[in-house]
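Asks: Below are the chains, spelled out letter by letter.
There are 2 protein chains.
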Amino acid sequence: MVATSLSPLAPAGFPDLPAIPGVKLHTVTLGIRYKGRPDVLLAELEPGTQVAGVFTTSTTASAAVRWGREALKGGTGRAFFVNAGNSVAFTGKAGEKFVADKVEAAAKALGCNKTEIFTASTGVIGEPTTANRITDALPDLLANDAGWLDAAKAIMTTDTFPKGASATTTIHGAKVTIAGFAKGSGMIEPNMATMLGFIFTDAAVPHAVLQSLLADCTNRSFNAITVDSDTSTSDTVLLAATGKAGNAAVTGIDDPALTGFKTALEDVMRDLAHQVVRDGEGASKFITVNVTGAISEAEAKITAKAIANSPLVKTAIAGEDANWGRIVMAVGKCGVQADPNKLTVSIGGIVLAKNGERVADYDEAPVAAHIKGQYIDIDVDLGFGDGTATVWTCDLTHGYISINADYRS
Amino acid sequence: MVATSLSPLAPAGFPDLPAIPGVKLHTVTLGIRYKGRPDVLLAELEPGTQVAGVFTTSTTASAAVRWGREALKGGTGRAFFVNAGNSVAFTGKAGEKFVADKVEAAAKALGCNKTEIFTASTGVIGEPTTANRITDALPDLLANDAGWLDAAKAIMTTDTFPKGASATTTIHGAKVTIAGFAKGSGMIEPNMATMLGFIFTDAAVPHAVLQSLLADCTNRSFNAITVDSDTSTSDTVLLAATGKAGNAAVTGIDDPALTGFKTALEDVMRDLAHQVVRDGEGASKFITVNVTGAISEAEAKITAKAIANSPLVKTAIAGEDANWGRIVMAVGKCGVQADPNKLTVSIGGIVLAKNGERVADYDEAPVAAHIKGQYIDIDVDLGFGDGTATVWTCDLTHGYISINADYRS
Numbered sequence: 001m002v003a004t005s006l007s008p009l010a011p012a013g014f015p016d017l018p019a020i021p022g023v024k025l026h027t028v029t030l031g032i033r034y035k036g037r038p039d040v041l042l043a044e045l046e047p048g049t050q051v052a053g054v055f056t057t058s059t060t061a062s063a064a065v066r067w068g069r070e071a072l073k074g075g076t077g078r079a080f081f082v083n084a085g086n087s088v089a090f091t092g093k094a095g096e097k098f099v100a101d102k103v104e105a106a107a108k109a110l111g112c113n114k115t116e117i118f119t120a121s122t123g124v125i126g127e128p129t130t131a132n133r134i135t136d137a138l139p140d141l142l143a144n145d146a147g148w149l150d151a152a153k154a155i156m157t158t159d160t161f162p163k164g165a166s167a168t169t170t171i172h173g174a175k176v177t178i179a180g181f182a183k184g185s186g187m188i189e190p191n192m193a194t195m196l197g198f199i200f201t202d203a204a205v206p207h208a209v210l211q212s213l214l215a216d217c218t219n220r221s222f223n224a225i226t227v228d229s230d231t232s233t234s235d236t237v238l239l240a241a242t243g244k245a246g247n248a249a250v251t252g253i254d255d256p257a258l259t260g261f262k263t264a265l266e267d268v269m270r271d272l273a274h275q276v277v278r279d280g281e282g283a284s285k286f287i288t289v290n291v292t293g294a295i296s297e298a299e300a301k302i303t304a305k306a307i308a309n310s311p312l313v314k315t316a317i318a319g320e321d322a323n324w325g326r327i328v329m330a331v332g333k334c335g336v337q338a339d340p341n342k343l344t345v346s347i348g349g350i351v352l353a354k355n356g357e358r359v360a361d362y363d364e365a366p367v368a369a370h371i372k373g374q375y376i377d378i379d380v381d382l383g384f385g386d387g388t389a390t391v392w393t394c395d396l397t398h399g400y401i402s403i404n405a406d407y408r409s
Numbered sequence: 001m002v003a004t005s006l007s008p009l010a011p012a013g014f015p016d017l018p019a020i021p022g023v024k025l026h027t028v029t030l031g032i033r034y035k036g037r038p039d040v041l042l043a044e045l046e047p048g049t050q051v052a053g054v055f056t057t058s059t060t061a062s063a064a065v066r067w068g069r070e071a072l073k074g075g076t077g078r079a080f081f082v083n084a085g086n087s088v089a090f091t092g093k094a095g096e097k098f099v100a101d102k103v104e105a106a107a108k109a110l111g112c113n114k115t116e117i118f119t120a121s122t123g124v125i126g127e128p129t130t131a132n133r134i135t136d137a138l139p140d141l142l143a144n145d146a147g148w149l150d151a152a153k154a155i156m157t158t159d160t161f162p163k164g165a166s167a168t169t170t171i172h173g174a175k176v177t178i179a180g181f182a183k184g185s186g187m188i189e190p191n192m193a194t195m196l197g198f199i200f201t202d203a204a205v206p207h208a209v210l211q212s213l214l215a216d217c218t219n220r221s222f223n224a225i226t227v228d229s230d231t232s233t234s235d236t237v238l239l240a241a242t243g244k245a246g247n248a249a250v251t252g253i254d255d256p257a258l259t260g261f262k263t264a265l266e267d268v269m270r271d272l273a274h275q276v277v278r279d280g281e282g283a284s285k286f287i288t289v290n291v292t293g294a295i296s297e298a299e300a301k302i303t304a305k306a307i308a309n310s311p312l313v314k315t316a317i318a319g320e321d322a323n324w325g326r327i328v329m330a331v332g333k334c335g336v337q338a339d340p341n342k343l344t345v346s347i348g349g350i351v352l353a354k355n356g357e358r359v360a361d362y363d364e365a366p367v368a369a370h371i372k373g374q375y376i377d378i379d380v381d382l383g384f385g386d387g388t389a390t391v392w393t394c395d396l397t398h399g400y401i402s403i404n405a406d407y408r409s
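Chains as they are written, first to last, in this note's numbering: chain A, 1 to 409; chain B, 1 to 409.
Errors might be hidden in some of the hints.
Identical chains share a label here; the pair holds if one copy fits it or two copies do between them.
As the list claims (entries may be wrong) - With a straight-line Cα cutoff of 25 Å, these simulated DSS-like cross-link-like pairs (lysine-lysine) come out:
| no. | residue 1 | residue 2 |
| --- | --- | --- |
| 1 | K93 | K354 |
| 2 | K354 | K97 |
| 3 | K175 | K108 |
| 4 | K93 | K244 |
Read the hints as simulated data drawn from the structure, not as lab findings.
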């Protein structure tokens with residue numbers, strides 16, 4: 001395992017997150033793989049808390065993910081029970097027992113149904129282990145109330161900083177609060193969720209509505225980032241609504257009373273997703289790829305992902321080289337409807353190429369200046385329709401190679 | 001541009017290639033971008049030479065590729081006219097004029113139709129230029145007969161060694177010879193062809209049959225390799241059959257007389273494709289990914305490509321880490337029909353994981369020994385059907401980052 005220093009794109013510090021009535025955080029330090037910080041988390045939820053979740057689409061998903069999909073059918077949850085250091089993915093019956101043992105122990109301790117316990121595990125794939133150390137520590141864990149910072153630290157692996165975000169809004173005039181945390185740094189091209197994200201609100205929102213909101217916001221947050229195009233077997237984002245805010249009932253996903261909540265939720269999720277990119281393994285630049293003019297939103301996203309995942313685009317930016325030809329290449333390879341003569345490519349808001357060639361008066365100097373910064377904007381207009389998408393990624397540097405040629409994740 | 005040292009996977013030397021009756025090679029050294037070696041090639045073909053070609057599927061294909069697709073309709077060719085240092089891709093009217101000027105000058109010099117001149121250009125994308133220096137040098141070029149080695153060198157860019165291969169076989173008892181060369185090192189996930197490949201034979205094979213043979217062999221050679229998942233705008237493979245071998249006529253693609261020729265052609269093309277992988281930017285290991293048990297050949301290839309393109313798999317191998325969990329991850333992310341409980345994963349012929357978990361008596365030592373070698377074999381059986389595919393790739397190292405963060409390609 002390499003020692004990783006703080007990402008140069010890290011925020012100034014962990015944000016000051018408000019308490020969410022109905023949520024109690026607990027952590028414990030077992031040193032299973034990571035030393036000197038908590039590595040097990042249990043987020044305890046008030047009875048009746050509505051839960052929504054999105055999980056990896058991987059066909060080799062972990063036992064924890066498969067359990068989560070089942071448990072979600074009940075719609076309510078009493079705990080999110082997470083451990084870092086071993087994902088226990090692809091460990092057959094051992095992995096199933098690991099999850100079952102965690103679930104059974106937590107359900108017993110909290111006096112609830114097993115389907116109200118959601119679990120997640122993150123770390124190396126394929127190493128069988130038992131849950132004994134974790135379940136034995138459950139009394140200590142429940143006795144140790146923790147803050148957001150410790151909770152966010154407890155789920156980290158190769159992350160170089162803990163990731164948190166919050167927002168407040170109103171529903172039917174009642175103030176509601178949203179706060180959450182996430183982890184993720186490598187094996188990041190979430191396809192339903194990112195590595196791990198946990199979001200809490202005191203809003204009263206029924207499960208079905210909460211699930212729709214989460215899925216929708218995921219598409220423009222965790223599902224719109226990529227570090228290395230590799231989709232984890234453990235991706236999980238869970239959203240808990242305790243109802244303690246006391247807002248009047250909402251009628252459904254289209255209830256105008258939810259407008260502010262939806263925006264606030266998306267803000268929190270996008271903030272967390274951006275923090276995952278900022279902590280992308282080896283990242284030195286935060287890249288925003290904005291695609292417009294596609295024949296559909298889906299094709300816009302395919303194009304943005306093709307640019308964001310192109311090793312040649314990512315290494316050019318790492319080398320501070322405004323090599324826009326590689327952007328054209330990435331558009332061309334991804335199979336969407338495109339025509340060189342309709343394509344417009346901009347970097348840092350400066351149009352470099354349009355109508356099938358470089359602009360006549362192209363001056364590389366301002367583009368070169370932009371690309372020396374930490375925040376790189378790539379805009380591509382395909383010139384066909386109204387489809388748009390934004391995807392966020394980071395550059396591809398020696399740091400990524402160092403981390404992944406040595407670290408077993 | 002970084003100085004690139006010889007790939008550790010380079011063959012011992014350039015092979016001794018036989019002459020192909022009906023083919024004359026010419027090169028000239030213009031120093032357009034690369035110094036100290038030829039950078040323009042014209043392969044002159046006997047009148048009546050049948051030509052087949054496969055080109056990139058990129059929607060931002062270069063003007064040379066677009067011209068090649070048109071010219072191919074004629075079925076015959078008198079010259080392959082290639083320059084290295086600038087792909088003249090995405091340069092609008094300037095690119096079209098560049099190709100038209102080359103074609104017109106060569107057709108005039110050789111006294112043939114313009115549609116008998118195939119062109120290719122390789123190098124940086126998006127930098128407009130004129131063909132003047134190249135067309136002015138045409139008399140010198142045609143006066144300078146060159147050997148295979150100079151021809152192979154004339155088309156290189158970031159390649160660290162020239163790539164050639166040959167084979168002999170018979171058609172209807174007549175001895176026929178195949179020889180060719182290729183270039184490619186980065187921006188390699190060909191999708192119809194690789195960067196550039198030129199193959200010649202003295203066999204008498206009509207255009208339509210030749211085209212079918214080329215397309216079929218391409219699927220198991222140039223279209224079965226990847227360095228970095230990035231598809232070039234200039235990929236072109238051309239195959240010329242001069243007919244000088246004097247073999248009796250073949251009746252069609254299924255003519256049994258072509259069996260040996262088909263095998264020999266595929267051998268030459270696979271050899272050249274492997275040399276492209278061996279010269280993959282920064283490569284230190286040659287990786288063979290063999291997928292069996294897929295529900296179709298197409299799904300087998302998708303799976304093999306997902307493994308071969310996974311940055312996490314490629315960096316693990318660079319780090320000589322038998323991190324097979326990343327192989328499971330890559331299978332899971334690619335959307336093919338898969339089930340952890342049916343999956344078998346082997347490295348170096350040693351089964352590591354099956355029935356949804358690591359094998360009970362797993363001993364990492366022999367796998368670790370295999371992975372320290374230069375040739376890595378990954379075998380994955382999906383356990384569903386008869387679909388199989390083999391894909392070749394290289395590892396992902398610091399060298400790739402160094403080359404691509406600095407070199408404008």
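Asks: Indicate, hint by hint, whether the structure satisfies it.
Replies: Here is what the structure says about each hint:
1. In this homomeric assembly, K93 and K354 come within 25 Å of each other (Cα to Cα) only across copies, at 12 Å, whereas the closest approach inside a single copy is 56 Å.
2. Taking the closest pair of Cα atoms, K354 and K97 come within 25 Å of each other only across two copies (18 Å); inside a single copy the shortest separation is 58 Å, beyond that limit.
3. In the homo-oligomer, the alpha carbons of K175 and K108 never lie at most 25 Å apart, since the shortest distance is 34 Å inside one protomer and 80 Å across protomers.
4. Taking the shortest alpha-carbon separations for K93 and K244, neither the intra-copy value of 39 Å nor the inter-copy value of 65 Å comes in at or below 25 Å.
Of the numbered hints stated above, those contradicted by the structure are hints 3, 4, listed in ascending order.
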